[in-house]
Every structure is written in C-alpha cells, then in structure tokens.
Amino acid sequence: MKKESESVKHYSTAIVAAKQVVNDRYCKLALEATLVAARARPGQFVMLYLPSQYGPMLPRPFSIFAVERDKGSITLLFETRGRGTALAAGLDAGQDLKLLGPLGSYFPEPQPGALLLAGGLGIAPLAFLAKSTTVPITLVYAVQKADHLACQPEDLSRPGLKLLLATEDGSAGFKGSAINLLSNQLEQASALYSCGPRKMLSKAASAAAKAGVQCFISLEERMACGVGACLGCAVKTGQGYKRVCSDGPVFQAGEVILNGKT
Amino acid sequence: MKKESESVKHYSTAIVAAKQVVNDRYCKLALEATLVAARARPGQFVMLYLPSQYGPMLPRPFSIFAVERDKGSITLLFETRGRGTALAAGLDAGQDLKLLGPLGSYFPEPQPGALLLAGGLGIAPLAFLAKSTTVPITLVYAVQKADHLACQPEDLSRPGLKLLLATEDGSAGFKGSAINLLSNQLEQASALYSCGPRKMLSKAASAAAKAGVQCFISLEERMACGVGACLGCAVKTGQGYKRVCSDGPVFQAGEVILNGKT
Amino acid sequence: MEKPDLRVNLGGLVLESPILAASGPFGYGHQYRKIFDFSQLGAFIVKGVSSEPWEGNPAPRLAETASGLLNSVGLQNPGLKSFLSSDLPLLRDCGTKVIVNIVGRTVEEYAAVASGLDGADGIDGLEVNISCPNLKAGGMAFGTDPDATSKVVGAVRKETSMPLLVKLSPNVTDIKTIALAAEDAGADALSLINTLSGMTIDIDSGRPFLGNIFGGLSGPAILPIALKMVWQASEAVRIPLLGMGGITTSADVVRFMLAGAGAVAVGTGIFYNPEIVSALKEGLLEYMMKKKIYRVEDLRALAHRGGFAGDN
Amino acid sequence: MEKPDLRVNLGGLVLESPILAASGPFGYGHQYRKIFDFSQLGAFIVKGVSSEPWEGNPAPRLAETASGLLNSVGLQNPGLKSFLSSDLPLLRDCGTKVIVNIVGRTVEEYAAVASGLDGADGIDGLEVNISCPNLKAGGMAFGTDPDATSKVVGAVRKETSMPLLVKLSPNVTDIKTIALAAEDAGADALSLINTLSGMTIDIDSGRPFLGNIFGGLSGPAILPIALKMVWQASEAVRIPLLGMGGITTSADVVRFMLAGAGAVAVGTGIFYNPEIVSALKEGLLEYMMKKKIYRVEDLRALAHRGGFAGDN
Ligand SMILES: Cc1cc2nc3c(=O)[nH]c(=O)nc-3n(C[C@H](O)[C@H](O)[C@H](O)COP(=O)(O)OP(=O)(O)OC[C@H]3O[C@@H](n4cnc5c(N)ncnc54)[C@H](O)[C@@H]3O)c2cc1C
Ligand SMILES: Cc1cc2nc3c(=O)[nH]c(=O)nc-3n(C[C@H](O)[C@H](O)[C@H](O)COP(=O)(O)OP(=O)(O)OC[C@H]3O[C@@H](n4cnc5c(N)ncnc54)[C@H](O)[C@@H]3O)c2cc1C
Ligand SMILES: Cc1cc2nc3c(=O)[nH]c(=O)nc-3n(C[C@H](O)[C@H](O)[C@H](O)COP(=O)(O)O)c2cc1C
Ligand SMILES: Cc1cc2nc3c(=O)[nH]c(=O)nc-3n(C[C@H](O)[C@H](O)[C@H](O)COP(=O)(O)O)c2cc1C
Ligand code: FES
Ligand code: FES
Chain A
1 MKKESESVKH YSTAIVAAKQ VVNDRYCKLA LEATLVAARA RPGQFVMLYL
51 PSQYGPMLPR PFSIFAVERD KGSITLLFET RGRGTALAAG LDAGQDLKLL
101 GPLGSYFPEP QPGALLLAGG LGIAPLAFLA KSTTVPITLV YAVQKADHLA
151 CQPEDLSRPG LKLLLATEDG SAGFKGSAIN LLSNQLEQAS ALYSCGPRKM
201 LSKAASAAAK AGVQCFISLE ERMACGVGAC LGCAVKTGQG YKRVCSDGPV
251 FQAGEVILNG KT
Chain B
1 MKKESESVKH YSTAIVAAKQ VVNDRYCKLA LEATLVAARA RPGQFVMLYL
51 PSQYGPMLPR PFSIFAVERD KGSITLLFET RGRGTALAAG LDAGQDLKLL
101 GPLGSYFPEP QPGALLLAGG LGIAPLAFLA KSTTVPITLV YAVQKADHLA
151 CQPEDLSRPG LKLLLATEDG SAGFKGSAIN LLSNQLEQAS ALYSCGPRKM
201 LSKAASAAAK AGVQCFISLE ERMACGVGAC LGCAVKTGQG YKRVCSDGPV
251 FQAGEVILNG KT
Chain C
1 MEKPDLRVNL GGLVLESPIL AASGPFGYGH QYRKIFDFSQ LGAFIVKGVS
51 SEPWEGNPAP RLAETASGLL NSVGLQNPGL KSFLSSDLPL LRDCGTKVIV
101 NIVGRTVEEY AAVASGLDGA DGIDGLEVNI SCPNLKAGGM AFGTDPDATS
151 KVVGAVRKET SMPLLVKLSP NVTDIKTIAL AAEDAGADAL SLINTLSGMT
201 IDIDSGRPFL GNIFGGLSGP AILPIALKMV WQASEAVRIP LLGMGGITTS
251 ADVVRFMLAG AGAVAVGTGI FYNPEIVSAL KEGLLEYMMK KKIYRVEDLR
301 ALAHRGGFAG DN
Chain D
1 MEKPDLRVNL GGLVLESPIL AASGPFGYGH QYRKIFDFSQ LGAFIVKGVS
51 SEPWEGNPAP RLAETASGLL NSVGLQNPGL KSFLSSDLPL LRDCGTKVIV
101 NIVGRTVEEY AAVASGLDGA DGIDGLEVNI SCPNLKAGGM AFGTDPDATS
151 KVVGAVRKET SMPLLVKLSP NVTDIKTIAL AAEDAGADAL SLINTLSGMT
201 IDIDSGRPFL GNIFGGLSGP AILPIALKMV WQASEAVRIP LLGMGGITTS
251 ADVVRFMLAG AGAVAVGTGI FYNPEIVSAL KEGLLEYMMK KKIYRVEDLR
301 ALAHRGGFAG DN
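Residue numbers (our numbering), protein chains in the order written: chain A, 1 to 262; chain B, 1 to 262; chain C, 1 to 312; chain D, 1 to 312.
Okay, chain A solo, but in the shape it has when bound (with noise of 0.2 Å):
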C-alpha cells in the first residue's frame, strides 16, 4: 500500500451537502470538503469531530466511501451505533462540521483480474477503489444477511466490475462464507484488497498467501489522534507495534499480525 503523502492534512470545515438515511441501521452523509475530494484516495479516511451539546467527544474516523471531484465533495457510509455515529446521523443538510483528512495509506492502483473482498462496513473504503479504476476487477460483498447490505449491488456496479453478494444465511447472493466463494476466485486473482472483520480478514490473508497473491488489507482500531501523533491505534507487526491511522489503514497482510495476543 501507498503511505499517505505527509502535506495533505486539512484541519477544516465541512457542509453537510445531504444526508441519506438508508435504512434503521445505515446512513450515507455527503459532505462539501473541496481540498479532501481532491486528495483523498481509495482506503484512506477522515476524522469527523461532531458537535456535542454536552462536553467534548473524541473524533470518529471514517473510511472515505465516494468522492465527487467536480462537486469537491466525498461520501461516508456508516452504521449508527454509538454516541458518534447516531450524533453523525442527526445531522442535516447545511449543517457544518470540523473534518481531518484525507488520513492514511491507500491501496495500491487496481491491476486487471484484481479481487476485492469486502465484508460488512468493509465495503466503504473497497467501493471506493472499485470506483477509481476502469480496469475489470472482482468484487465480492459478504454480509451476514440482506438486511445488511449496507449499500445496494446497483450503486457499485459498473462495466467491468464483478459483483458476487454473499450472505451467511442465502438471503442474497451466495449461501455461506465468503471465504468459501474466494477461493474459488483466487487462483486467478493478480492481487487480493480486502477491508473487514478481523477474522475474516485474517482468513483471507491466510488463503491469499497459500495462493500466492498479494494481498492488501484496511484496519480498524480505536483511534484519538488520527495522525500518528499518540500512538494510541497499535497493531503488531513483524517490526513491532504500528499506527493503524498513518502506518496504515492499509497494509500489506504478510506484515501484521491478526491473530493472538497483538
């Protein structure tokens, strides 16, 4: 993965451009944030600081899902579940915000017959980078049931692009883990790109190596900085502890490890 380019961090004011609330669990939020359309890249991510009535509140941060340069705005897509994420869904169109971004690395240019892998929120960050290449490329969108199909299969498709939905009960798309449907999908992949759960994450890492491709992952970690300043979002890795939110987000699998005590 590409390490973020150190000058591009804005410290500024965004406008709520519209909200979408796309069902009781998921919510879409675009925002005009002209300097980070124009830089951000596929895998990277913003901090929101929202306007709490009461005290301060850390920021959250959020993978950056769409970007519409000519309309210097970008799109986030989350789930409501905390004090954070049900503030962000509160807001609406006109409000401003304070936002930190772009963050990050970000994925490496998709080669042709490149494989993404997304599971659940994972698809943020992975429909983005499906977005920035016209190359024909696999994406496999794994969630545990329709329900949670966080985005529709319309508003990812376009030419080129291979949709495979999974979901664990068949209630769309493929029956099962999406494990299971990569493999098949693997052999012939030139590089796996995957953002997740952890375990599935770390299966497909496995599954990857066993193939012999390469394979590039998006983390998450509890952040407070956001600028690799606080050292606070620690993933081990074969040289020690890294920053999830400057080292990473993304990362090469074979350089974190997933499992265990980390």
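Please note: incorrect hints may appear among the correct ones.
Residues of chain B placed beyond 12 Å of chain C at every Cβ, according to the derived structure [to be verified]:
| hint | residue |
| --- | --- |
| 1 | E32 |
| 2 | T138 |
| 3 | K175 |
| 4 | E187 |
| 5 | A211 |
| 6 | E221 |
Derived DSSO-like pairs: lysine-lysine, alpha-carbon spacing no greater than 27 Å straight-line [to be verified]:
| hint | chain 1 | residue 1 | chain 2 | residue 2 |
| --- | --- | --- | --- | --- |
| 7 | B | K71 | C | K34 |
| 8 | A | K71 | D | K34 |
| 9 | B | K145 | D | K291 |
| 10 | A | K131 | A | K175 |
| 11 | D | K291 | B | K199 |
| 12 | D | K290 | B | K145 |
| 13 | A | K199 | C | K290 |
| 14 | A | K145 | C | K291 |
| 15 | A | K175 | A | K199 |
| 16 | B | K145 | D | K292 |
| 17 | A | K145 | C | K281 |
| 18 | A | K199 | C | K34 |
| 19 | B | K199 | D | K151 |
| 20 | A | K199 | C | K291 |
| 21 | D | K136 | C | K176 |
| 22 | B | K199 | D | K290 |
| 23 | B | K98 | C | K281 |
| 24 | A | K145 | C | K290 |
| 25 | A | K71 | A | K98 |
| 26 | D | K292 | A | K98 |
| 27 | B | K98 | C | K292 |
| 28 | D | K176 | C | K136 |
| 29 | C | K158 | C | K176 |
| 30 | D | K290 | C | K176 |
| 31 | A | K98 | A | K145 |
| 32 | A | K28 | A | K199 |
| 33 | A | K19 | A | K71 |
| 34 | C | K81 | B | K236 |
| 35 | D | K81 | C | K151 |
| 36 | D | K34 | A | K98 |
| 37 | D | K151 | C | K176 |
| 38 | D | K34 | D | K81 |
| 39 | D | K81 | A | K236 |
| 40 | A | K162 | A | K203 |
Bear in mind the hints are in silico, worked out from the structure with no lab data behind them.
The beta-carbon is built from N, C-alpha and C at its ideal position, and this holds for glycine as well.
Position chains B, C and D with the ligands relative to chain A; hints supplied.
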C-alpha cells in the same frame, strides 16, 4: 411561608406546548404538565431534566412563572446562561422532557397592600404570585437597564396591581436602586415578598425589619436532588443549615443568614 | 425462558437484587419513597450518621463538572438520637433492607454510633465510612492508612454482630493494602469507592467555588477509576464487594460485577434520573437473558476468569 | 488597551506563553506541525523517551469514557538514539521551546537518558516522568513513594544543568509529600498531574477492554482532581508548577493558574480540537483584558489570596 404538601411531587413527562424567545437573553417555555399545573403554588419550582445527547447532566431548577390550570400548562421564564438553559432554549413545541414538581415551599397569600420586589429574573415567582390574587398590591420590578426586562410591563398588569419599574441607568421607570424606591412604599405595606440577587434580598430584609414589616424571600442555591434528600442546597439559618429546595425556596427573611460566610 | 435470579449474599445479607442505593444522595430515604419504589432496591444505605449532630459545610456545596459532581455536604446529619427517633421509623416497611452508614472523627465516636445502632429495629446492617478525617491524627482520613483502618473497623466490629460493610476511600496509593486491613479487622464486605477529592474555581470571583474549597467528586467521570479499584480489591480479599462510582447505565452495573463486585450501588445517578433504579434492574435482566446467565452471582469476577467463552 | 503580557518563567525557562503541549498526545511533534502553529505554544513537551526502545502495550490501547480517555500506550518509544537522530532534528526551528519527557524502569535508566539528552542541540529542558513502574521495587511507580522520587530526581539532576521539571503521579495518598521530595531532590518545577489509573470492561466479551487491562485516565473528567492537587502542591513547594489534566477551555486554563500553576499544558484536549492551542490563548487574553490583569504571572495562585477584590 408555607411548606410544600408532602404528597405532591411528581416525576413525569411534560410536552413543550410553546417556546417564545423573548430576546437573545430570555426565553419562555410553556409546558403541558397537568398535575404540576393543577397543584403549583406561587414560589414553587420544578426540576427540568434536559435531554442531552452526550452523557448525563444534573436537572436544572426553574421557578414557575405562570400557570394555566384550564390548559394544564405551566410557563417558565429563564435567561440563557450555560449548558442547561441553552438546551432548554433549544427545545421546540412538541418535544417532551422529564420534569419533577411542583417542589418546595410557597408564598403565603398576599393581603391587600402587599409589596412585591423583584430583582432581575426574580420576577418569575413574583409574577405568578401577583396574578394568583385579585387584591390590590404593588410590584416593584428592578433591572439593570431596560434591555434586561425579561417580562414586559403589559404581561404583568392586572386590575389592582400597581407596577413600578426601576432601572439602574434610568432607561426605564425610576432611575436608581430598587431599595431606594422600596423605602417610600414600605411603611404602608402589609408585607414584603421578594426574589432576586442575594445582596438585594439582604438589603430588602433589613429595610423591612426596620419598618416592622413581615418579609418573605425566595432563595436560589445549586441543587442536585431538588427534593430534600442530598443536603446539597444549604442555606445558613439561626437553626443551622436548611435546604433551599424543600425547607425553601421561600423563607421568612428573619430565619436565614444572608451575609458573611454562609 | 427462565427468569434470571438476582439474589446475592453480601457479607451475610441476603438481597433480592444486586442494585443498592448508595449512602448520601438519597438522604434518609423518605423524600425518594414518593418518587420510586424502594422494593426495587436490593438495600437502602442511609446517609452517614454520627454520634452527635454534625452541622455540615458552608454553601455552596455542589458544583457540576464534566460528567461529574463535586459535593461538600460535609456529612451534615442530625446525630444518632435524632436519626433513631425521627428518621429510622420512616424507613420501616420501606420494602427493602436498610443499611446505616456511620461516620466519626475518632475511633471512639465510630464505636459509639455502632453501639447505638446495633440491633435497632429496622436496621439490617452497618457500613463504616472510613473517609472521615481523623481528628487525633492531623486530619488525614482514617481510610488512607491501614492502621487507622484496622482500629476503626476493629472497634466497630466489637460493637455489632450485624453484617458489617467497610466503605473505602479511593484517595490512596494502594487500595489493596487498605482492603486487606479492613478484611482482617473483621469486615463482612467492602464498599468502594467513595468520592475522589477535588475542587473547582469560580473564575469570575477568582475564588474556590465550594464554600469548603475541597469536595468529593462522584458521577460517571470517576467510573474507570472505581472499576479498577474493584478489580484490584477483588484480587486482594475474599469477602464480597459492593461496587460503586459513576453508575448510570445497566452496562455500568455489569462492568462492576465482571470486575469483581457481588453487588453495586447507585449514588449520583439518582439525580440524573429519579427512575434509574428500575431502569438499571430491567437492563441487567435483559443482559443476563441475552447472555444466558441465570444467576447474577455467575457474573461476579467473570472478567478475571477470561470472560465469556468464544470471541464475541 | 495594553496587550497583556503572557510571558512566564518556568523553573528557569522563559516562555512566551503559559500554554504548553503536554507530553504524549502530540507525540514527537512533527505530525501536528502541519496542523497548528507551534509558535503559539509556550513550549512543546516531547513524548517520553527511554534509554533503549520500548515496545509499548498490546492493542486496543484507547477507550473513550465519560468526558475522559483511557490510554495504555505503555510509553512506546524508539529510544534515546533514534530520538536524537530521527525525531529531534524535525523539531528544530519548530517555533517554540522543546522539553523532553524522560522515562525509565530503574534509576540508572533515568540517569542514562538524562545524560544522553543533556546539552543536545534543540532541547531546552527535561521533564522526568516518575509514573513509571520501578522494576527493582515490585513494580509500584517511582512517583508513589517519596524515597524513590528522591532517588530518581537526584540521579537525573546530577546529569543535567538544564531546567528540570518533575512530573507527578496523581495515584497517591498525599501529593504534598511527593512534591516536596521532588523539590528537595533538585527539581526546578513540577508538572502535575499525570493520568489516573483506571480500566474499562467490554460487556460483550466479558473481558477488560484494553489489551493491557489497566490504562491512564485523562481528559475533562479528571480536571477537578488535578486542580486540587495543583492547589495542594502550590501550598507545599516554592518552585513553579505546570498544571494539567483535562484542560479544554480557557476557563480551565485560568482555573489552574488561580489554583497555583505558573503555566499549564494541554494533552487530551488536542484530540477534541486540533486548533485548541490558539483558542485557549485567545480566550486567556480576553479574560485578562476583561479582568484588567496585564501580566499573566499575576493570576498565579490568586485564589489562595482571596481572589479578585469586590464580590463578583
Ligand atoms: C480507519 C477507520 C475507518 C472506519 N470507517 C468506517 C466506515 O466507513 N463506516 C463505519 O460505519 N465505521 C467505520 N469505522 C468505525 C467507526 O469509526 C466506528 O463505528 C465509530 O467510531 C463508532 O462510533 P460511535 O460513537 O457510534 O460508537 P461508540 O462505541 O460510542 O464509540 C466509542 C469509541 O470507540 C471507537 N470505536 C468504536 N468502534 C470502533 C471501531 N470499530 N473501530 C475504531 N474505533 C471504534 C470510537 O471512535 C470511539 O472512540 C472506521 C474506523 C476506522 C479506524
Ligand atoms: C429554586 C430556583 C429557581 C430558579 N428559577 C429560575 C428562573 O425562574 N429563571 C431562571 O432563569 N433561572 C432560575 N434559577 C436559576 C437556574 O436554575 C440557573 O440559571 C440555571 O440552572 C443555569 O443553568 P445552566 O446550565 O444554563 O448554567 P450552568 O452554569 O451551566 O449551570 C451549572 C450548574 O450550576 C447550577 N446553577 C447555575 N446557576 C445557578 C443559580 N443561579 N442557582 C442555582 N443553581 C445554579 C445549575 O443548576 C447547574 O447545576 C432558579 C434556581 C433555583 C435554585
Ligand atoms: C451528595 C452526596 C453525599 C454523600 N454522602 C455520603 C455519606 O454520607 N457517606 C458515605 O459513605 N458516602 C457518601 N457519598 C458517597 C457515595 O455514597 C458514593 O460512594 C460516591 O458518590 C460514588 O458513587 P456515585 O458516583 O454513584 O455517586 C455521598 C455522595 C454524594 C454525591
Ligand atoms: C495518549 C497519551 C500519552 C501520554 N504519554 C505520556 C508520556 O509519554 N509521558 C508523560 O509524562 N505523560 C504522558 N501522558 C500524560 C499527559 O501528558 C497528561 O499528563 C495527562 O494526559 C493529563 O492531561 P490531559 O487530561 O490534558 O491529557 C500521556 C497522555 C495521553 C492521553
Ligand atoms: S490515532 Fe493517534 S497515532 Fe493513530
Ligand atoms: S437539592 Fe438535594 S437537598 Fe436540596
């Protein structure tokens, strides 16, 4: 003053019937709260549990400014000062919130010739008191300058009420300290009822004592429970500390110690 | 589905629910009896009682801080006699067990209150608050020194055969030493934590805000500190723990139990929500059903034993 | 109107502003130099440096709590050599003074870092973090014992003639004893407070949330505790104090100064608002103009001397 009847505390849901932003300092909030409206007496207060999006917050005490028993509603009048009042001013008609009340002691019924002295927001309980009776009384309403009239004279007027305004800068009514204005009125007064800053109360109480006129004052103190349990809202009296929330807020002036280390 | 069993044994006191009212915020109880149903409580802990009346501190006594509350009530109380004649009768038949918190400025004073309360009708247990300043030893709180802790607890233990809780101060370098001293001196259970010492300043006057300058910090702000002290105490002693400090949600209740508390108490939380006790109890039941834990005792100290099986 | 003078002398360091960056949250500084202007800072305190590299603690290392943050970074750092060759050069000409925070597991380690840093180009002072576990004395932090404090500070003092700050741990029964020990052993100023020890539990897994189980609590939640310790230390010692713990507003800055701090540092606050340093400075200036205080030194410890005249 009279002690609250022990059985009338209610913790219930109130609905915002109307909000009126008087100006950038003051705000009126009408709440549908049937049981409170039915039982509230002038001088009593309610605790407002303001819904805050981030973490818990202590409830805020507010005097009851007006009651419309037929509509089952009460009105509060407040100044936007800190977090709590900012949240209160941000409420909109139709929203609900929790409320505990009516709480505390209340003023004895005014006899003809009663004199009421309100300093600043001290107008809230005295406006209710003035409207609760039809006997002829005098209300002195003192503020720093005309801008600080949280409540317009026409809102207060009723047959039999003599309203005297005082401002420190002369921008409305009598120019100068309310206490000067008071001294002319005290001799003929049947009793003095006062609410406002401690220093004003203390001077008013001395003047009343000198004139041999009974004096009732309403106090404020930081509160947590509002019901007399936590002993947080202490005021020094001849018999040790009393609780503003349940022994007061209305006290006989002679009872409490208003100066020095309290 | 089976309804979970919430009973716990707290140092000999069998309680119907592990959620108690902490000493202080609820006062002597009668004010809140009109507001929520006391039978929802595992026990009610009465505000501190001393042998003679205490006047308390000058106003203001309360200041709100970020997710916290500073109070400097100063253990104002009407004294033993008045408590027994005026307050205790109002608590009889309140629907739950009654534990009385006792305070003193000397070992003798503690012993005197304990002796005066021992066996009184309507009292089920005692809780010794050792955060009071030791007048004979320069004003440091008894609970900041293991020897002073031993002496107070030993003296009270002699005066009562009731279940005896000892309430620890968090303002110490090492909670384990104090916990052990209290256990060795005869405590049946430990309550922790009391408030952390703090202050605030009014920038307008340039003076300390509280009349007493210093106050005790309670509320959600202190929860992580309380949780750690419960964790540590549960590794140091064998007697049961009553965990408290900042509880406002049923997740907080669960956290204290997983850390080692057999039961918990809510204090400042009652100010935020007068219906908190039933909300916590409902939330705890829901959690237990979801986790298929049928006896609340089984939650106790689970986090020391690796948590739940599997990797949720 | 005259523009207030913000200069302060912190143990021999003359600073242009009394608002500093606390050790840790800003790391080694270069990441934040792109985000805010370091010349707004009175000084920049670098994250803890040890003689050899420290790996740090397992993930997760951060947990948000009510108005607070738990961290268990574990003083991960690249060690003295790498700091001098890779990090320090990036701080040269950063626009403000640089103070380096030093950590160790033995007295010798502390002395070794101090000796290695002494006189290095681009360093204006040292800050000894005595909250580290004392490996030779069972793992209790040096800063929880006056003798251990003396030894560490004395050893470091011998190695450097630079201004020496000693950073106190709040996890103690009596901050005054430790403050005095540090002063007697040669500190030029004291920094307080470091984080309070705490923890949290993931109720879903039933296990401690942080990889290291325990972490340090910072942020607004701890401000009242920090303020009291600064108040107490300022009554115990003569050397200047650098106050910190939960600062997020200029009112907080003022509170620490009124309580006795000559200067303050902001830590966790930078996470909430990357522009906090200039916001605090502006707010402080506004307050001083309003209060007609023209030298920030005049605010120091004013609350001990009765605050402002009159009764606002
Ligand atoms: C690089 C990165 C990219 C992300 N992209 C997305 C995205 O595109 N869409 C999305 O829905 N979520 C994303 N997340 C996770 C998202 O940040 C959390 O879901 C969100 O912070 C939850 O906040 P909350 O206040 O609602 O929950 P709370 O549980 O109240 O959060 C409490 C704390 O935990 C942190 N936190 C909670 N869950 C996570 C998590 N899984 N990872 C990191 N921190 C967490 C929060 O930041 C906060 O500090 C991303 C996380 C990272 C690190
Ligand atoms: C019995 C009683 C009746 C009151 N009636 C009115 C009224 O009718 N109109 C009105 O505008 N105000 C009234 N007040 C004062 C009102 O409660 C405070 O202005 C309000 O709490 C400020 O809250 P805040 O969150 O906006 O300010 P903050 O400063 O953020 O409040 C912080 C804390 O201080 C407390 N507090 C702040 N100022 C006061 C004060 N003067 N008295 C008591 N507590 C205070 C708050 O309750 C809170 O706990 C009354 C107070 C009491 C005790
Ligand atoms: C207003 C108030 C009064 C208190 N009084 C007492 C007391 O009399 N005796 C005692 O042992 N603890 C007393 N406490 C401490 C509480 O019982 C409890 O230990 C502490 O507040 C932490 O819990 P919380 O955060 O849930 O309030 C008091 C606390 C408050 C806020
Ligand atoms: C992520 C993080 C890392 C820290 N690292 C250090 C450190 O290396 N050395 C040190 O003395 N203090 C360290 N601290 C403590 C801070 O300098 C400060 O004393 C404490 O956080 C309280 O201030 P605050 O509430 O403003 O953050 C760290 C704090 C945080 C939050
Ligand atoms: S969040 Fe601070 S280093 Fe990554
Ligand atoms: S506010 Fe609790 S006793 Fe008055």
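- Message: What's the verdict on K199(A) and K291(C), does the C-alpha distance respect the 27 Å limit or exceed it?
- Response: holds (22 Å)
- Item | Hinted pair K81(D) and K236(A), Cα distance within 27 Å | Holds: K81(D) and K236(A) sit about 23 Å apart, inside 27 Å.
- Message: With the threshold set at 27 Å, check whether the alpha-carbon distance from K290(D) to K176(C) stays at or below it.
- Response: Between K290(D) and K176(C) the Cα gap is close to 49 Å, so the pair fails against 27 Å, i.e. violated.
- Agreement of K34(D) and K98(A) with the hint, judged by alpha carbon distance not exceeding 27 Å: Holds, at roughly 16 Å.
- With a cut-off of 27 Å on the C-alpha distance, tell me whether K145(B) and K292(D) pass. holds (24 Å)
- Query: Is the Cβ of E221(B) more than 12 Å away from each Cβ in chain C?
  - Reply: Label violated. Min Cβ-Cβ 6 Å, cutoff 12 Å.
- Message: For a C-alpha distance cap of 27 Å, please report whether K28(A) and K199(A) respect it.
- Response: holds (26 Å)
- Query: Is the straight-line distance between the alpha-carbon of K176(D) and that of K136(C) 27 Å or less?
  - Reply: Since the Cα atoms of K176(D) and K136(C) sit roughly 20 Å apart, the hinted pair holds (cutoff 27 Å).
- Item | Proposed proximity, K199(A) with K175(A) (alpha carbon, max 27 Å) | holds (18 Å)
- Query: Do the alpha carbons of K71(A) and K98(A) lie within 27 Å of each other, as the hint requires?
  - Reply: Holds: K71(A) and K98(A) sit about 18 Å apart, inside 27 Å.
- Query: Given the proposed pairing of K162(A) with K203(A), does the C-alpha separation stay at or below 27 Å?
  - Reply: Roughly 22 Å separates the two Cα atoms, so the pair holds.
- Task: Starting from K131(A), check that the Cα of K175(A) is at most 27 Å away, please.
- Result: Roughly 26 Å separates the two Cα atoms, so the pair holds.
Comparing the model with each earlier hint shows violations of hints 6, 17, 18, 19, 26, 27, 30, 31 and 35; every other hint is respected.
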